[in-house]
Amino acid sequence: MSQSLSELVKNQNYQLGQLTPSIVLYEPSFEGWLSAVFYVYSNHLQDDTSLQLIAQDCYVPSLFAHAISVETNANHAERVLTKLNQLLGRSGMRNLLWGFLSEKDNIGTTLFQVVKYAINYPSRHIMDDLGNLNVLELVQTVKSVGREKHRMEAFVRFEHTVEDIYFARVEPDFNVLPLIGEHFRQRYQDQHWAIYDLARGYGIYYNKSQSTPKRPAALQTITEFDEAVLRNPASIHSEDEQRYQRFWQGYFTNVNIKERKNPRLHKQYLPQRYWKYLSEKQVLPNAQHLKKQR
Amino acid sequence: MATINYERLQGKLNILADAAKYDVSCSSSAGTRKNQGGGLGDASATGICHSYTEDGRCVSLLKILLTNHCIYDCAYCTSRKSNDTPRAAFSVEEVVDLTMQFYRRNYIEGLFLSSGIFKSGDYTMERLVEVAKILRTRERFNGYIHLKTIPGASKELLLEAGLYADRLSVNIEIPTKSGLALLAPEKSHEQLKAPMETVKEEIITIRESRKTHKKAPKFVPAGQTSQMIVGASNETDLQVIQLSSHFYKHYDLKRVYYSGYVPMLSDSRLPAIGTPVPMIRENRLYQADWLMRFYGFGAHEIVEPDSPFLDLDCDPKLAWAIRHRDHFPVNIQTASYEMIVRIPGIGTKTAKKIVKARKFNQLTLYHLKKMGAAVNRAKYFIATTGKNEHLAHLTCDNFRQYVLAQTQTKFKDQRSGQLALF
Ligand code: SF4
Numbered sequence: 001m002s003q004s005l006s007e008l009v010k011n012q013n014y015q016l017g018q019l020t021p022s023i024v025l026y027e028p029s030f031e032g033w034l035s036a037v038f039y040v041y042s043n044h045l046q047d048d049t050s051l052q053l054i055a056q057d058c059y060v061p062s063l064f065a066h067a068i069s070v071e072t073n074a075n076h077a078e079r080v081l082t083k084l085n086q087l088l089g090r091s092g093m094r095n096l097l098w099g100f101l102s103e104k105d106n107i108g109t110t111l112f113q114v115v116k117y118a119i120n121y122p123s124r125h126i127m128d129d130l131g132n133l134n135v136l137e138l139v140q141t142v143k144s145v146g147r148e149k150h151r152m153e154a155f156v157r158f159e160h161t162v163e164d165i166y167f168a169r170v171e172p173d174f175n176v177l178p179l180i181g182e183h184f185r186q187r188y189q190d191q192h193w194a195i196y197d198l199a200r201g202y203g204i205y206y207n208k209s210q211s212t213p214k215r216p217a218a219l220q221t222i223t224e225f226d227e228a229v230l231r232n233p234a235s236i237h238s239e240d241e242q243r244y245q246r247f248w249q250g251y252f253t254n255v256n257i258k259e260r261k262n263p264r265l266h267k268q269y270l271p272q273r274y275w276k277y278l279s280e281k282q283v284l285p286n287a288q289h290l291k292k293q294r
Numbered sequence: 001m002a003t004i005n006y007e008r009l010q011g012k013l014n015i016l017a018d019a020a021k022y023d024v025s026c027s028s029s030a031g032t033r034k035n036q037g038g039g040l041g042d043a044s045a046t047g048i049c050h051s052y053t054e055d056g057r058c059v060s061l062l063k064i065l066l067t068n069h070c071i072y073d074c075a076y077c078t079s080r081k082s083n084d085t086p087r088a089a090f091s092v093e094e095v096v097d098l099t100m101q102f103y104r105r106n107y108i109e110g111l112f113l114s115s116g117i118f119k120s121g122d123y124t125m126e127r128l129v130e131v132a133k134i135l136r137t138r139e140r141f142n143g144y145i146h147l148k149t150i151p152g153a154s155k156e157l158l159l160e161a162g163l164y165a166d167r168l169s170v171n172i173e174i175p176t177k178s179g180l181a182l183l184a185p186e187k188s189h190e191q192l193k194a195p196m197e198t199v200k201e202e203i204i205t206i207r208e209s210r211k212t213h214k215k216a217p218k219f220v221p222a223g224q225t226s227q228m229i230v231g232a233s234n235e236t237d238l239q240v241i242q243l244s245s246h247f248y249k250h251y252d253l254k255r256v257y258y259s260g261y262v263p264m265l266s267d268s269r270l271p272a273i274g275t276p277v278p279m280i281r282e283n284r285l286y287q288a289d290w291l292m293r294f295y296g297f298g299a300h301e302i303v304e305p306d307s308p309f310l311d312l313d314c315d316p317k318l319a320w321a322i323r324h325r326d327h328f329p330v331n332i333q334t335a336s337y338e339m340i341v342r343i344p345g346i347g348t349k350t351a352k353k354i355v356k357a358r359k360f361n362q363l364t365l366y367h368l369k370k371m372g373a374a375v376n377r378a379k380y381f382i383a384t385t386g387k388n389e390h391l392a393h394l395t396c397d398n399f400r401q402y403v404l405a406q407t408q409t410k411f412k413d414q415r416s417g418q419l420a421l422f
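Heads up: the sequence lines are chains A and B, in that order.
Just so it is clear: in the first sequence, position 128 is 128 by the UniProt record's numbering, and no numbers are missing.
Just so it is clear: in the second sequence, position 188 is 188 by the UniProt record's numbering, and no numbers are missing.
Note that these hints are calculated values from the structure, not bench results.
Incorrect hints may appear among the rest.
[What the hints assert, rightly or not] If we take Cβ atoms under 10 Å as the criterion, some of the chain A residues that face chain B in the derived model are:
(1) Gly131
(2) Phe184
(3) Leu284
In this text, a Cβ means the ideal position worked out from N, Cα and C, and glycines have one as well.
Could you build all of it, start to finish, from the sequences and the hints given here?
Structure (structure tokens):
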């Protein structure tokens, strides 16, 4: 039932090759994936049950599969987006985008199956149908991404630099920077700040001088960052930074109730993989500045 | 601006954080303060735990005492006059500075400020209000502020505090009048409830005037809360839960917090040092509290007068279900939402998913599991389309022992901490 997409493919003349590709590769961006969806429908490949949509950088070539690369096309992407917006609404689109940012190997295909379901049953609230395994997979993925987003909003630790920028390093499991920017932009309107994802090699930057009294500045993407500084940000700390890190460490240590110590629970809530960038975890347990002295 | 002595500040912070740590009423949820542009902070989000202590509790606010000097001598409190402990006091500017600097680094959602009583209730309360006022007006801070009201502080100060704070709280301390009289002879329930009444009345007044004047000032937008210590005197759970229910009904309280008493002082009126902290009991009380606030349970259903303590072996919802087996099995395909949330192992979120998803499919235990239900418990109480062989046990004489034996190991270790609920 690809009728509802037929207007999308009007006036398009697509050349079908001899071999029907069962793997469609897209450039690793949401637009890239949308372009691939457009390609699938334009070429009537949607009913091929073995069809897979895979990000180019995740694809391992194999002898038996026929793969075709689809280039990102802003116009095609836009048209699919408009259609999906109509079908799925804001919250459905949010699910697709969040699912996409999980960067899971099979996510391109899962998302496609969900989209296909929506197109085939335009009057259903398909996102509520958790009995459908693709919908379920997506909803669970979105949940994990949401958890990671929330953790990043919590565990980002800004360090004040000599240039008066509050700078944080993160290494999230999923690509959540695009999802957390707004939270920090609302919150930190009166300071310069940046959050850099070391795993993915890019960051977001807020330049407060570009804000107006009514409106916070737009976020900028930053890509090049000095490796040495990323490894050792203490080299750019302002005069105050060490002091407040020590205050925070003293605070963190002294609010603990020894009688209720529970390392298992502690690690469950504060998974060890995040500790590397948490200032309160960068201290020896008996350091002088943690003591209660006057 | 007064100067800050940074050399001494570290020691003070360590002392006054330690002294505040037994106060648990400090979640930052339900803030409604938006950054109006250009300022620092935004408390409109739901609470964020920025870290977790080694005992597994959420760190969301800078929770400190302004001072641990106190003219009172409450038996259960480390700040009490007769206790030999290092004393310290912050200046107003020091608290403002720490709050701003911690917030800027994303360590905290805001400030929870309480205090021992130095000189008098008013003298102390005035300083707490001053901190909040400077943060809001001079520093343009929009993060979360929770102030503890000081017993004996005047009505005017309470009302001023409510203009700057997101939340105010009055600790009821000990759940029974007799217990409070024994452990804190200078306090009484009547005296502690008076500020609650003041705050409640002001909330209602302002709420009314906001209906007609949109610009009317906000007054404690996140409401008021209270806390009680359990296990320091010999109160029953029935008394605790009835008191909470009374607070929810008559004082419009957002939350009541329960703090399992940690024995740290030797006093013949108190449990001896080394007595274990009643953590399971505390956890059960939180679960019972949730049942009242989100699951439609009445206090009388949760603990019954003939056995006035909560069952420590199983959560109160499971305990209720075992006591009322005649209400089960529940047919998830047709039952009302209200009844579905009463099934052990099914929380409000899962119940909502069930109600949506059942329009599309005949749901099985497998679906429920995927939706997040704790099927190991739920399966004894549910009728699904297929045959559910676990239902055979529902009518057995030893049902309680059977269910507990089958389900206990899974959640046994999660009984501590405020967050491990259901
Ligand atoms: S009045 Fe408060 S600070 Fe003072 S001893 Fe009693 S509980 Fe402690």
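Going down the list of hints, with the structure as the test:
no., hint, in the structure
1, Gly131, "holds, 4 Å"
2, Phe184, "holds, 8 Å"
3, Leu284, "violated, 14 Å"
When each numbered hint is compared with the structure, a violation occurs for hint 3 only.
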